[in-house]
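Novice: If you want the building blocks of each chain, they are given just below.
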Amino acid sequence: MADQSGTEFEKRRGPSSVEIRSGFAQVHVQDLPEPIASSRVDVLREVAKAGVSIDFLKFTQGGLSFVVPESFASKIRSTLDPKSGALSVQPGRSIVYVHAVNMRDEEGLNAQIIARAITAGARIDHLSDMHDRALLVVNADDAESLAATLRRDLMGAS
Amino acid sequence: MKIKVMKFGGTSVATPEARLQSAIRVTQAKEQGFAPVVVVSAIGRRGQPYATDTLIQILKEIDPTVVPDARELDLMMACGEIFSSVIFSHTLKTLGHPAQSFRGGQAGIRTDGVYGNARIVGIIPTGVIRSLEQGFIPVVCGFQGVYVSGDGLPGGELTTLGRGGSDTTGAALGAALGAESVEIYTDVDGVKTADPDFVKQAPTLRKVTYDEVAEIAHLGAKVLHPRAAEIAMKYHIPLWVKNTFSDDEGTEIVTRERFPGRRVTGVTHTGKLVYIQFDLKEAAEEHRIEIESRIFEMMARYGFNLFMMNLSPSGLGFAVPRSQVPNAEDLLDGLVMPTPDQSATYLFQMGAKPSREAETQAALLAPIRNVRTIRLDLTENCTMVSLIGHEYLQQPGVFLSVLETLLDAQIAVLQTSDSDFSLSCLVPESETERAVRLLHERFGLAEIS
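In order, the protein sequences belong to chains A and B.
The working numbering applies: residue 1 is where the first sequence begins, and numbers increase by one.
The working numbering applies: residue 159 is where the second sequence begins, and numbers increase by one.
None of the hints are false.
Below, in silico cross-link-like pairs of lysine-lysine (DSS-like), each with a Cα-Cα straight-line distance of 30 Å or less:
1) Lys11(A) with Lys392(B)
2) Lys11(A) with Lys430(B)
3) Lys251(B) with Lys160(B)
Just so you know, the hints here were simulated from the structure itself, not pulled from any lab data.
One chain only, chain A, in its complex shape (with noise of 0.2 Å):
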């Protein structure tokens, strides 16, 4: 017994759609000065104080990544350049998401919808998950092909 087709009362078993959004651009902070905690904190305070608003927040080995609407890129970059380690921000980035309802308490989806993204040859800058979505922040140019199949292989569109 493997039926695992979609249910009609309660919210579709696995990826439901794959929206995209543009206009961001992605931070990454790395090589920050020990102790790493307070050097993060430190950054995000200088962000705060520029009155620019961040999303899907990661801490990364020596550092931290950061994604900001494509505006507010060179707000960033003078903000933090001459106080923080080894900056890089990047304009031009797309979020693909992929909604799917409970994702994480579905066995291997979330990794599977990883992978997949991965293999399809798309330069994943920065990923996040939540309950009900993971996302894949890549270069808008990459967006809808990446988009499009993930919606073939994850959902059986054509």
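For this one, chain A is given, so just place chain B on it according to the hints.
Specialist: Relative to chain A, chain B alone:
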């Protein structure tokens, strides 16, 4: 007929006194003109004779090395609710109210075919409606349904709905029956701003939106299962969380049109998690994509549940449930991964000191040129602590406030994750209570209602 679905959790049916109290709530609803439909969980919690975990344990104790079949586990677990529904039904009868108990399948709950985590595909509540029309109070087993495959199996296969499945049964039956409301009865006054075991004065939220409660439930609050909130939201069923043992008004779950929400709703905690970080600094740039994709492919193939994923130039990381760590260690420690062009071979090593497995592999690989090590660091005993709210969370500096609060208290934050409704931090499990209390205080949650 004004139908009210009343779901009673394990503690509300755990003892004769609790069952009597729950049954009285049902008879009161009937006296108020409602046609009550009762949904029950299994009796009691872990360790008590008829609780779901106890039933599972009976099977496991036969031989702990043999994993029970999922089908057999479902049949075993379903016994708890059957037992509970018959006792509850008879309790109502002793109060002078005729009642009939129903298995999930008898109540018309059809699921997909995934044992242990089935999803409801439809409900044909003919039997329940007939029972109501005949003057009975239907008492339905929560947490279970039936999969009818169409391959000729008479009656179909019993399935269970997974964690929190009785709440899901309650909400789904409410939707199928067009109920006036669904009331989830438990042993706390409603949805709280934090786990009352950690924050004794955590206030009860009088109103929360469907999306807030779904977020709270997904991120750890045990008072209501997120699937129940999602079904109620989809079918616009008024939903309440109430205390069986008090006359507190409870929490009403409503749409955002009726209640705009608060800046911050609560602090939750969830998970016995282990954080795994892969150090990819030794990996050649041209091999990165191959390595990353093969790691995620393995995690998918072997069914790992990944949380708080991260990918950066220095490596990748994710958290897995503690229960999956032995499998992860078996799979990854000492793993040898040659590149397709055979220009390099990567050896996975867990921890700073190689295990015997990794050491043996390294010795075997010694004659091979260009062997590189990918080190994995495991941080055991982690918990995800989350701040729940609305648009306010996206304002500049809010995540900073969360991190400053934890840093000032010298609570390590290993990773973070965020959504429109939540900011989550992975912290050491030993710091969970302190982290919850500090964030509750920092965001003034004791003052809200």
